[in-house]
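Asker: Residues per chain are reported as follows:
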Amino acid sequence: MTAAPDRPRPGTGDPSAARPVLDAAAISRVIDRMAHELLEKTGGASDVVLLGIPTRGVTLARRLAARVFAFEGHTLPTGSLDITLYRDDLRLKSPRALEETDVPVDGIDGKLVVLADDVLFSGRTVRAALDALADLGRPRAVQLAVLVDRGHRELPIRADYVGKNIPTSLREAVHVQLTEHDGTDAVLLGPAAVTTT
Amino acid sequence: MKRHLLSAADLTAEDALLVLDTAEELAQVSARTVKKLPTLRGRTVVNLFFEDSTRTKTSFELAAKRLSADVITFAAKGSSVSKGETLKDTALTLEAMGADAVVIRHSWSGAPVNLASTIRGSVVNAGDGTHEHPTQALLDVFTMRQKLGRVEGLKVTIVGDILHSRVARSNVLLLKTLGADVTLVAPPTLLPVGVDSWPAAYSYDLDSVLPKSDVVMMLRVQRERMGAAYFPSSREYSRRYGLDVDRVSQLQDHTIVMHPGPMVRGMEIASEVADGLRSTIVDQVANGVSVRMAVLYLLLGGSESAIGSASSGASPDGAVE
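Sequences listed follow chains A and B, in order.
1066 is the number of the first residue of the first sequence in the working numbering; add one for each residue after it.
-2 is the number of the first residue of the second sequence in the working numbering; add one for each residue after it.
Hints are computed from structural coordinates only; laboratory data are not their basis.
Heads up, the beta-carbon is just placed ideally off N, CA and C, and yes, glycines get one too.
Any given hint could be a false lead.
Unchecked claim - Each pair of labels, with its calculated beta carbon distance range:
#	chain 1	residue 1	chain 2	residue 2	range
1	A	ALA1135	B	LYS144	49 to 57 Å
2	A	GLY1216	B	SER300	26 to 34 Å
3	B	LYS33	A	ASP1154	17 to 25 Å
4	B	ASP86	A	GLU1219	43 to 51 Å
Stated by the list, open to error - The calculated lysine-lysine pairs, modelled on DSS-like cross-linking and capped at a C-alpha distance of 27 Å, are:
#	chain 1	residue 1	chain 2	residue 2
5	B	LYS85	A	LYS1158
6	B	LYS(-1)	A	LYS1158
7	B	LYS(-1)	B	LYS80
8	B	LYS32	A	LYS1158
Claimed, not checked - Among chain B residues calculated to face chain A with C-beta under 10 Å, some are:
#	residue
9	LEU23
10	THR36
11	GLY299
12	SER302
13	ALA303
14	SER306
Pulled out of the complex, with its shape left as it was, chain B reads as follows (with noise of 0.2 Å):
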C-alpha cells in the first residue's frame, strides 16, 4: 500500500500528473473568499521542523488548514529535541496523539525513510538534509507547466550548489520522469561525486548552457552545510555562475528563471533578474500552496494513498502490501 511521498522517484509519471493535475484544480481554491475545504475534516497533519524553514513550514501548514485538516506545528527548538530525544520517540508520541500524517524537515538525509518506518500514518518528506525535497520539485514542475505549458522536452538547467541541494536531486528524478532534459552546471567543487550516474548532463561553463535553456533554476550556495571553501571567493562565485543582467540578456525570449528560495541576491542572483519578468519565485511560492494541498489530498483523502511509495517498515494492522 503507497502511503508515503519520500522521494521524488516514487512518483511515476502518472503520479506526478495526477499530483499537478489536482493541484491545477486546488489553486482555484487560493482565488475564492472562502479559502477552505472539507475535504480533510477530522484529520491531523503535524509538522515536525527540525531545521529551519519559512517557505515550506507555512506552506503545508496553510495547505493541510485550506483542506480542513488539524494542524500542529513542532519546530524542534521549543520541543523536547532539545532535551535530547530521538527522532523515534518524538514520532512514537505524536503517533500516540492520533497524527494521521507527519510533514517532516530534518537535517539529517534519511529522517523521513526512517520515521516511515516506525509510525502507521503518512509521512511526508518536506526536506531531508542534502537528500530530497519532493514538494519543491513538484512545484517547480507545476510552475514550469503553467508557464510553458509543457514539461516533456523542455531543457532545464540547474545552476549552483548541486552538492548541497535536496532540491535539485528531487527535481532530477522528477524532470527525468517527466521526460525532460536536465543540464548541471556548477563549479568542480560543487558537483556530487557520482554525477556521471545521474539521469542529467552537466558541464562547468554557464554562458554555454543557457542559450539553450528553456528554464533556469538558481540554487543558493548553502554555507551552512560547507565545512570548507569550495570556492575561492563569493565574488569569484558570482561573476562565473551568478545570473545577472548581462547573461539573461542571453536567454531565449520564453525562458523563465527560478530560485527555491531563499535567495541571495547579488550572489547567485542579481536583484533585478529576481525581480524580472522572467522570474517566477513569487509563482513558485503561491504554487506550493496549491501543490502541498494535491499532495495531502492525495495521500491522506481517501481510503488509501493514490500517489506515493509503500512503507519500508512495519506494515500497520498486518496489511498485505
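So that you can see chain A by itself, here it is in the shape it has in the complex (with noise of 0.2 Å):
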C-alpha cells in the first residue's frame, strides 16, 4: 500500500521529486517515543493487542512492540488487518488483491486494540479498519497510532499516536518509506501524481 491509501485523489507522485521531513534518525526516535507514549497511555499496555494495516503499517506495528518489549521486556501481541473488503471506495476501481489479515490468536475480545497505518489522511481506512474490526470481535477499546499525520480529514476520526504532524497541501503526496519494504527509512514529501480519476 502506498504512503496515501486513500483516496483516488491526490495519487502517490514521485518519490524522487520529493524532499525529505524525517530521517531515519528521526523515525528511530518517533517510534521510540510513541511506544513510550503507548506505556504510558495504557498503563503498561497489559491488554494490549497491535494491529497494523498492511503494507506498512504491518511494519510499523512490528516496530513499536519490538520497543515496548526493549523498554519493558513485554512481549505486545502483534497482528495484521487487511481492510481491503470493507473500504468505501471499491467500486471506483478494479478490486485489488487482498492483503493478509492475521490476527493473534487470542483474539481481540476485551482487548485494548492499537490500530496501526503510515499515513492518517481522509480517515477513511481508519473508517474501513473500524468496521473490520467490528467483524472480528468486540475490543474493550480502539486506539489509533500513526507514523504521519498528514491532515484533510474527511471522517470524524483522530489519532492516540501521532508521530509526527506534518502539515501538507492536497497537492502534495506523503512517502513513508521504511527499511523492510523500501531499503531505507525516510518520509519524504513530493508533489501528487495527475490522477485521471
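Using the hints, put the two chains back together into the complex; each one sits in its own frame.
Answerer: In C-alpha cells form, the structure reads like this:
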C-alpha cells in the first residue's frame, strides 16, 4: 500500500521529486517516543493488541512492539488487518488483491486494540478498519497510532499516537519508506501524481 | 473489458493465482464468528440452475451471501422455463430485475457463452453440459496447493468418464496454465474424440499411472448423459478403473485422492478410500465456498472485473473493449 492509500484523489507522486521530512534517525526517535506514549497511556500495555494495516502499518506495529519489548520486556500480540474488503471506494476501481489478515490467536475480545498505519489522511482507511474489527470481535477500546498525520480529514477520526504532524496541501503526496519494504527509512513530501479519476 | 468467467481458458496464470491468493484470505472468513463481509452490498447475484446440483448451487449461494450480495436462486423446475420460456427471455427478465451477475448451470454446452452475449451483467459458468466447470477446477487447484504446497510440476491423474466430464476439461486447461502435468485415464470409450490434441497425456491402464501421481482425481460415470453402453458392466468398470484399497496402497505417501462429487461409492471409488486420510473430498467442498467468494469479488467487487473473459457479444454502454 502506498503512503496515501485512502482515496482516488491526489495520488502518490514520484518519490524522487520529493524532499525529506524525517530521516532514519528521526523515525527511530519518533517510534521510541510513540512506544513510550503507548506504555504511559495504557498503563503498561498489559491488554494491548497491535494490529497494523498492510503494508507499512504492519511494519510500524512490529517496530512499536519491538520497542515496547526493549523498554519493558513485555511482548505485545501483534497482527495485521487487511481492510480491502471494507473500503468505501471499492467500486471506483478494479478489484484489488487482498493483503494478509492475521489476528493474534487470543483474539481481540475485551482487549485494547491499537491500530497502526503509516499515514493518516482522509480517515477512510481507519473507518474501514473499525468496520473490519467489529466483524472480528468486540475490543474493550480501540486506539490509533500513525507515523504521519497529514491532515485533510473527511471523517471524524483522530489518532491517539502521532509520530509527526505534517501540514500538507492536497497537491502534495507523503511517501513513507521503511527499510523492510523500501530499503531505507524516510518520510518524504513531494508533488502528488496527476490522477485521472 | 473482462467481466465473465465462462471457461478455465479465460484465466491467465496470473488471474488464476490472483483467485487462489484471494480465496486463501477469504477462507479465514469461514472460520470467524461473523462470517460476513460487506464487499458486495447492494449487488444482486442470480443463480440460474437448469440442472440438478446441491454442492455448486449452495456453494455459490453461500459465497454470494458471505459477501453481502442479494441472492436469488432459480431452479428450472418451478420457473417459467418449464412453461417453454427460452434462455434468452429468462435472461432478459433477470436483467430487467437488475442482476449484476448470473451464475448459470445448464445441460447445454455453451449456454453461458450464449447468455454472456445477451446480458449486461457478469456471467459465471457453473457447469455447462459436457463443456466446462471453471470454478470446480479453481477449487480443485486450490485444494492441491493447500495440501501439496504447489501446483506447478505436480503429476495429476484424472480417472473415469472424461468424455462427459466438464470437470476434467476445465481442470486440464487450468492445470496446463499453471504448469502441472495431467494424465487422463479411462477406457477408450470414455475418452473424447480428439483427446490427442488436449494438453494432457492419456492412458487406458490405471495401475501403471498411479505410482507416479501426486494427485489422483476420480470422476463419476455420468450415466444420465449416456445414451448407450460405454463399458460391459459396472463391476468390470470398477475392477479396472475404480480406486480401491489395493490401488491406494500403490500410491506415494503424499498423494491425495480427490473427487468433485457426487460420488458413487463402490463404483469409481471404494468407501474406505473416500473416507480415508488421503481423501480431500470434504476439503474440496469447504474450499469451494472460498474460491467462489474470490471469483465473485474479483468479477463484481470493483468498477471492472479483475479476471475472466471479455463479452463475446454486445458491449454495454458502448464501452470500448
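Asker: If a hint holds in the structure, say so; if it doesn't, say that too.
Answerer: Status of the hints after comparison with the structure:
no.: 1; hint: A/ALA1135 - B/LYS144: 49 to 57 Å; verdict: violated, 41 Å
no.: 2; hint: A/GLY1216 - B/SER300: 26 to 34 Å; verdict: holds, 28 Å
no.: 3; hint: B/LYS33 - A/ASP1154: 17 to 25 Å; verdict: holds, 20 Å
no.: 4; hint: B/ASP86 - A/GLU1219: 43 to 51 Å; verdict: holds, 46 Å
no.: 5; hint: B/LYS85 - A/LYS1158; verdict: violated, 30 Å
no.: 6; hint: B/LYS(-1) - A/LYS1158; verdict: holds, 13 Å
no.: 7; hint: B/LYS(-1) - B/LYS80; verdict: violated, 34 Å
no.: 8; hint: B/LYS32 - A/LYS1158; verdict: holds, 25 Å
no.: 9; hint: LEU23; verdict: holds, 7 Å
no.: 10; hint: THR36; verdict: holds, 4 Å
no.: 11; hint: GLY299; verdict: holds, 4 Å
no.: 12; hint: SER302; verdict: holds, 7 Å
no.: 13; hint: ALA303; verdict: holds, 4 Å
no.: 14; hint: SER306; verdict: violated, 15 Å
When held up to the earlier numbered hints, the structure conflicts with 1, 5, 7, 14 and fits the remainder.
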